[in-house]
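Asks: One-letter residues, chain by chain:
2 protein chains.
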Amino acid sequence: MIAGLGLLISSPLWAWDGVVEKQTFEIDSFTTQNGETIPNVTVGWESYGELNEARDNAILITHFFSGTSHAAGRYNADGKPTGYWDAIIGPGKALDTDEYYIISSDTLVNLNANDPNVTTTGPASINPDTGEPWGMDFPVVTIRDFVEVQRELLESQGIESLHAVMGASMGALQAIEWASAYPDRVERLIPVIGGGVADPWLLATLSSWAAPIRVDANWNEGNYYDGEPPTDGLKEALKLVTLNANHWQWANETFNRDWADEERDPAQDISARYAIEQTLDDIAAARAELSDANHLLYLVRANQTFMAGHGDSLEEGLAAIEAPTLMLYSENDLVFAPQGVRRTAELIEADGTEVTLETLEGNRGHLDGVLSIDQASDTLRAFLQ
Amino acid sequence: MIAGLGLLISSPLWAWDGVVEKQTFEIDSFTTQNGETIPNVTVGWESYGELNEARDNAILITHFFSGTSHAAGRYNADGKPTGYWDAIIGPGKALDTDEYYIISSDTLVNLNANDPNVTTTGPASINPDTGEPWGMDFPVVTIRDFVEVQRELLESQGIESLHAVMGASMGALQAIEWASAYPDRVERLIPVIGGGVADPWLLATLSSWAAPIRVDANWNEGNYYDGEPPTDGLKEALKLVTLNANHWQWANETFNRDWADEERDPAQDISARYAIEQTLDDIAAARAELSDANHLLYLVRANQTFMAGHGDSLEEGLAAIEAPTLMLYSENDLVFAPQGVRRTAELIEADGTEVTLETLEGNRGHLDGVLSIDQASDTLRAFLQ
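Going down the list, the sequences are from chains A and B.
Here this note's numbering is used: position 53 in the first sequence is 53, and no number is missing along the way.
Take the position in the second sequence, starting the count at 1, then add 385; the result is the number in this note's numbering.
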């Protein structure tokens, strides 16, 4: 996936060297669209490439449900690149760091609240008014609130206009919301594997992700910060996220019917597992260590409430978009129904806004928007010019 | 869906009147394929139409994961038909009760252990050796064990050969196993929305259904029969079953973004729900009242262990099938990947066995095999003759 090593060596001397420094941005008092006030909102951010003097070469990358601001690069000079879109972000790549200033920030209620590289504000944060974690007293926040935090971050750097905004999945929702809420600030829109609204299928899918956490007795209505967190429920939630974000083609091409433990036959032992179950359990357990269960519930809700423009009409919310739009999606997406993506394209296009709709190929379903993005490199490069 | 009222009136005098009587069949001592012994195995069964003197007009219907032996008819003369395949079973229908003796039985570890119309043996049953419910000490049982119980039931009625065996989903697995294990007893095979093996995708999907039960503290390693059962976990498991067995087309054509309670806006209240969530929760709650959580875990395992023939080779298991085969499936099936169904057809056909593969249309995905079966009436009628 990482094709840039040769390019790194042959790039201009001032090229971005792939090392990123995580920084934080603080808002003393943030007011949500619902009118709730959150003191001391702090989010992490990182950037790749340099902001030009005109401050008009910025591309904002908005992250997906389980993602972070780490879209590209490595955290120390002798480390390897670990950004999720290293395939397209870097010197000479589709999102060329020799040309663009690429910036990404952690959202509010970011899932990975316990990741030392993530800074976010949510239920796990201390409410300065009480000195205790917010828990379920944290206000509901929406995709639009995520956008408003990003707007303030960009304004703090003197950036009034974006060359492009691009994001996958929940990142697509943020990108769409940016272009709908601030049509005069977004020059190009690139939603990947996401549509203009959380349709009923997505409402229900997200609901099923929340369920195992609420069933876990340790969840305790969200009050677990001074006790045992609901790790079992969180793991099962994350297992479902992994499964739903993939596709049967991937499962059946990657795994077989091997047992997890060759000495424990699932046909003889009701507690034995198959290898694919163990792999999904192991992935979930590793993610759960960095994640917060309440944050997952708030992310579920932020995604559920999404409709472009957050008004009464999806048509109006999407008609507000003026930026030329490139939509990338998978016909095998089990999270964002392809029908909804195509409908979103039609509604953006309805008043004459230019829309290009392209499919991503692969066996990962929804995840092809993250893991197989390199196939869109030429399309992205051309669209950004 | 029930198209038979006119036909009922115009049928011969001896036609089946649609009233079914649930009966039970007992095996004093049943030995599983694993060599475990289960005393006093009892299962419910019902039949529609009359067994002829030659005892060669029997069609066995094998039920799906959350199903029962109630494939057709009504339990009392003034009730309405409530069988899941009333659309195709009855006088003059595709599975014509004027011609065939149609029989169906509850499986071992049937999900609906608390339904008064269901008789099954599983973890919720009393182990006569201890006088206590089996719980997780119940032996793992497989699809082949289900078939063996059915074989003994049929033999008790002098039925040595089946005109056909037909079932949907888990019922398809039983039907395939029948034709593979007893090729000289099955004249026609009709697997609906199921394939020859639980592929890795299905292994993982089934695993996710089990997860909420295991997370629920009331599950208590399966020991809940003298306390509070894990109802919350069971409900969430059943919600997932409902969701996975459907398709985004159904969700998006049936629901909108309405709130469950018009006074509780999900964007303002983290505990509020959308209408689709409430509907799925209500369906799950109703099902949970009749279901047993441990039985769900054992059904998950029975499905996971399935490979036609239960030997080392899927190819051999399917090659053993000699019966002309009609496979019905949905290209939108999210549980049994259509690729696996087509592969099953190829492997049955490989040694010259006649296979007809037809798709079912609809917006329900997997469930079109149960709810939209009437569209296959003509195909079924012709195939059975």
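Hints are not guaranteed to be accurate.
Sample of chain A residues at the chain B side, in silico, Cβ under 7 Å [to be verified]:
(1) P133
(2) D137
(3) V140
(4) S207
(5) V215
(6) A217
(7) N220
(8) G233
(9) L243
(10) F255
(11) A267
(12) I270
(13) I276
(14) E277
(15) Q385
Covered, in the sense of this in silico footprint (three residues per stretch, anywhere, with C-beta under 8 Å from a C-beta of chain A), are these stretches of chain B [as the list claims (entries may be wrong)]:
(16) 658–672
(17) 688–695
Read the hints as simulated data drawn from the structure, not as lab findings.
Every residue gets a Cβ at the ideal spot worked out from N, C-alpha and C, and that includes glycine.
Asks: Evaluate each hint against the coordinates.
Replies: Going through the hints against the structure:
For P133 (chain A), the shortest C-beta to C-beta distance to chain B is roughly 15 Å, which exceeds 7 Å, and the interface hint is violated. Evaluation of the D137 (chain A) hint against chain B yields a violated restraint, the C-beta minimum of about 9 Å exceeding 7 Å. About 5 Å separates the beta-carbon of V140 (chain A) from the nearest beta-carbon of chain B, less than 7 Å, and the hint is met. Taking 7 Å as the C-beta contact cut-off toward chain B, the hint placing S207 (chain A) at the interface holds, the least distance being around 5 Å.
Residue-level restraint check for V215 (chain A) holds (minimum Cβ-Cβ distance to chain B is 5 Å; threshold 7 Å). Proximity of A217 (chain A) to chain B holds as hinted, the smallest CB-CB distance being about 4 Å (cut-off 7 Å). Hint on N220 (chain A) is violated. Least Cβ distance to chain B is approximately 11 Å, over the 7 Å limit. Because the smallest distance between the Cβ of G233 (chain A) and any Cβ of chain B comes to about 5 Å, under 7 Å, the interface hint for this residue holds.
Restraint check, L243 (chain A) versus chain B: the minimum CB separation of about 6 Å is within 7 Å; hint holds. Hint status for F255 (chain A) relative to chain B: holds, with the closest Cβ pair at about 4 Å, below 7 Å. Contact between A267 (chain A) and chain B, as hinted, is supported at the beta carbon level, the nearest pair being about 4 Å apart and thus within 7 Å. Checking I270 (chain A) against chain B: minimum C-beta separation of about 5 Å stays under 7 Å; hint holds.
For I276 (chain A), the interface hint holds, since its Cβ comes within 7 Å of a Cβ in chain B; the closest pair sits about 5 Å apart. Given the 7 Å rule on beta carbons, the hint for E277 (chain A) holds: about 5 Å separates it from the nearest Cβ of chain B. The beta carbon of Q385 (chain A) comes no nearer than 36 Å to any beta carbon in chain B, farther than 7 Å, and the hint placing it at the interface is violated. Counting residues of the region 658–672 of chain B whose beta carbon lies closer than 8 Å to any beta carbon of chain A gives 5, which meets the minimum of three for the stated coverage.
For the region 688–695 of chain B, the assignment as covered by chain A holds, since 3 residues bring a beta-carbon within under 8 Å of that chain's beta-carbons and 3 suffice.
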